[in-house]
Amino acid sequence: MKLKKIILSMFASIFLFSSTLSADTIRIATEGAYPPWNSKAEDGKLIGFEVELANWLCIYMERNCQIVEQDWDGMIPALRMRKYDAIMAGMSITDERKKVITFSQGYADEVASLAVMKGSDLEGMDTPEGINLSLGGKDVKAALKTITGALAGKTVCTQTGTIHQNFLESGDVGSVDVRTYKTQDEVNLDLAAGRCDAALAAAVAFTDYAEKSGKNVVLVGPTFSGGHFGNGVGVGLRQDAQFGSDSALGKRDAQLLKDFNAAIDKAREAGKISELATKWFGFDASM
Amino acid sequence: MDLELIITSFPKLLSATVVTLKLLSASLFFGLILGLLFAILRLNNNKLVSGFAYVYSYIFRGTPLLVQIFIIYFGLGQIEYLRTTFLWVVLKEPYWCAIIAFSLNTGAYTSEILRSAFQTIKPGLIEAGKSLGLNKIYIFTKVQVPIAIKQSLPAYGNEIILMLKGTSLASTVTLLDITGVAKFIISTTFRPIEVFIVAGSIYLFITFLVHNLIKYLEKKYRYQ
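Protein chains in written order, with our numbering: chain A, 1 to 287; chain B, 1 to 224.
So here's chain A without its partners, still in its complex pose (with noise of 0.2 Å):
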């Protein structure tokens, strides 16, 4: 008798505990491997752009909140699954997301762009400096030809489940070697290997990672934005009509939107979403 009274208590006290936790504390993650949007410290502390404008929006929020990791390739369903209730994760805001998720405002714009190693036949493309695919065409049309042209029959690796993976599998580009990875991290080091003929991926990811590990990797063609490359970065957040719009829950993820926008309005008058994102990327990236 004694013995389950105390297996009891100590099962009531681990829901008592992890429901106080999650009560009123707001979890958001993060991956921790894509500098510098997010990324982590040599002791394991993640760090970043997002993970410092998380803790200022719940400083503007005035809420508890805790920053999580997770891997990116179940960022999503875990959101979903209710095992943290926002994604700040350098993830763009698309159509194809909007579907299964919604967004905050975006907070932060960056353009992607191919990378080589130095010496690549690929390097010269003739292309404009950067393309908008949304607005389309004459000169974008002719970019999009001369890449296609250039990337035909090489392998060009890129992060899976990203906004670059379903460039390159659009059509856009004709029918490339897509080969994808779990992480930025393997692009970077099978493309330094030569695995890879060119990679393609946020343009701040490829000059963090020449900068910091020396390799002479180097931006090619014109930088992307617009289109498949969606518009900006903003917190990624559950559909409230997930739970019933009505339920507690619904009411909870509906309210977590209005308050992630109001942060980021704040944030933004303030001057802090400029200020980290020059301390981070070195130019100002917010929006």
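It is possible that some hints are incorrect.
To be verified - In silico lysine-lysine, DSS-like type, Cα no more than 30 Å apart, as pairs:
1. A:Lys45 to A:Lys182
2. B:Lys142 to A:Lys182
3. A:Lys154 to A:Lys83
4. B:Lys12 to A:Lys154
5. B:Lys47 to A:Lys182
6. B:Lys122 to B:Lys47
7. B:Lys122 to B:Lys12
8. A:Lys40 to B:Lys92
9. A:Lys145 to B:Lys92
10. B:Lys142 to B:Lys130
11. A:Lys83 to B:Lys165
12. B:Lys150 to B:Lys130
13. A:Lys182 to B:Lys22
14. A:Lys154 to B:Lys22
15. B:Lys142 to B:Lys219
16. A:Lys99 to B:Lys150
17. B:Lys122 to B:Lys22
18. A:Lys272 to A:Lys98
19. B:Lys92 to A:Lys118
20. B:Lys47 to B:Lys165
21. A:Lys98 to B:Lys12
22. B:Lys165 to B:Lys92
23. A:Lys83 to A:Lys182
24. A:Lys212 to A:Lys154
25. A:Lys215 to B:Lys92
26. B:Lys122 to B:Lys142
27. A:Lys154 to B:Lys92
28. A:Lys272 to A:Lys258
29. B:Lys12 to A:Lys182
30. B:Lys92 to A:Lys212
31. B:Lys165 to B:Lys219
Calculated directly from the structure, the hints in this document are not laboratory data.
Take the given structure of chain A and dock chain B to it, following the hints.
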């Protein structure tokens, strides 16, 4: 539960089964050769030779398969000198890196299975062969090896099933095997449960086939 996703992902995962089976059969083929070789080395009376076989088996059984595949794929790729040699032709391809890692791994386990099988053969049988005037090679190939294979069938069947599941790690080095394609579908649908249920069922079905094949072979080669 999204029934439609289960139905649409099934043919995609089924075509990825070919990659899984290719990886499995190639690894088992090379692994069996390695296993037999190292089992023989292990039983050698020379301490240096048997010690070498022991160290091989100790390293590959003592480290996770994931670590082994990462060392061979990402680790060896870091050595710049290697990239200038002919070895890079093989190591450049994720497919071959996976097969090398899997073969070395299953080779280590197979060598242990075969070694213990050889050791269960009673010395009397070998002595009987000798007294009949048969030479050492003949006794080995016609007496020891057939008995050892029969002895090791149940354990080896287990190893095949373990290796089948091990091939799912090929997805970590960009290969599109069953698990790789499952992850790929999830990256666009964000629904892991449905897709992994289909993938899991395919693995279960292959296991079912392997299990029954081994059972059949065990029956066929039972001592009369």
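Results for each hint:
no.: 1; hint: A:Lys45 to A:Lys182; verdict: holds, 20 Å
no.: 2; hint: B:Lys142 to A:Lys182; verdict: violated, 50 Å
no.: 3; hint: A:Lys154 to A:Lys83; verdict: violated, 39 Å
no.: 4; hint: B:Lys12 to A:Lys154; verdict: holds, 24 Å
no.: 5; hint: B:Lys47 to A:Lys182; verdict: violated, 44 Å
no.: 6; hint: B:Lys122 to B:Lys47; verdict: holds, 22 Å
no.: 7; hint: B:Lys122 to B:Lys12; verdict: violated, 51 Å
no.: 8; hint: A:Lys40 to B:Lys92; verdict: holds, 29 Å
no.: 9; hint: A:Lys145 to B:Lys92; verdict: holds, 29 Å
no.: 10; hint: B:Lys142 to B:Lys130; verdict: holds, 13 Å
no.: 11; hint: A:Lys83 to B:Lys165; verdict: holds, 27 Å
no.: 12; hint: B:Lys150 to B:Lys130; verdict: holds, 22 Å
no.: 13; hint: A:Lys182 to B:Lys22; verdict: holds, 23 Å
no.: 14; hint: A:Lys154 to B:Lys22; verdict: holds, 25 Å
no.: 15; hint: B:Lys142 to B:Lys219; verdict: holds, 20 Å
no.: 16; hint: A:Lys99 to B:Lys150; verdict: violated, 56 Å
no.: 17; hint: B:Lys122 to B:Lys22; verdict: violated, 38 Å
no.: 18; hint: A:Lys272 to A:Lys98; verdict: holds, 27 Å
no.: 19; hint: B:Lys92 to A:Lys118; verdict: holds, 19 Å
no.: 20; hint: B:Lys47 to B:Lys165; verdict: violated, 35 Å
no.: 21; hint: A:Lys98 to B:Lys12; verdict: holds, 25 Å
no.: 22; hint: B:Lys165 to B:Lys92; verdict: holds, 24 Å
no.: 23; hint: A:Lys83 to A:Lys182; verdict: holds, 20 Å
no.: 24; hint: A:Lys212 to A:Lys154; verdict: holds, 26 Å
no.: 25; hint: A:Lys215 to B:Lys92; verdict: holds, 19 Å
no.: 26; hint: B:Lys122 to B:Lys142; verdict: holds, 15 Å
no.: 27; hint: A:Lys154 to B:Lys92; verdict: holds, 14 Å
no.: 28; hint: A:Lys272 to A:Lys258; verdict: holds, 19 Å
no.: 29; hint: B:Lys12 to A:Lys182; verdict: holds, 20 Å
no.: 30; hint: B:Lys92 to A:Lys212; verdict: holds, 24 Å
no.: 31; hint: B:Lys165 to B:Lys219; verdict: holds, 25 Å
Hint check: violations occur at hints 2, 3, 5, 7, 16, 17, 20; the rest are consistent with the structure.
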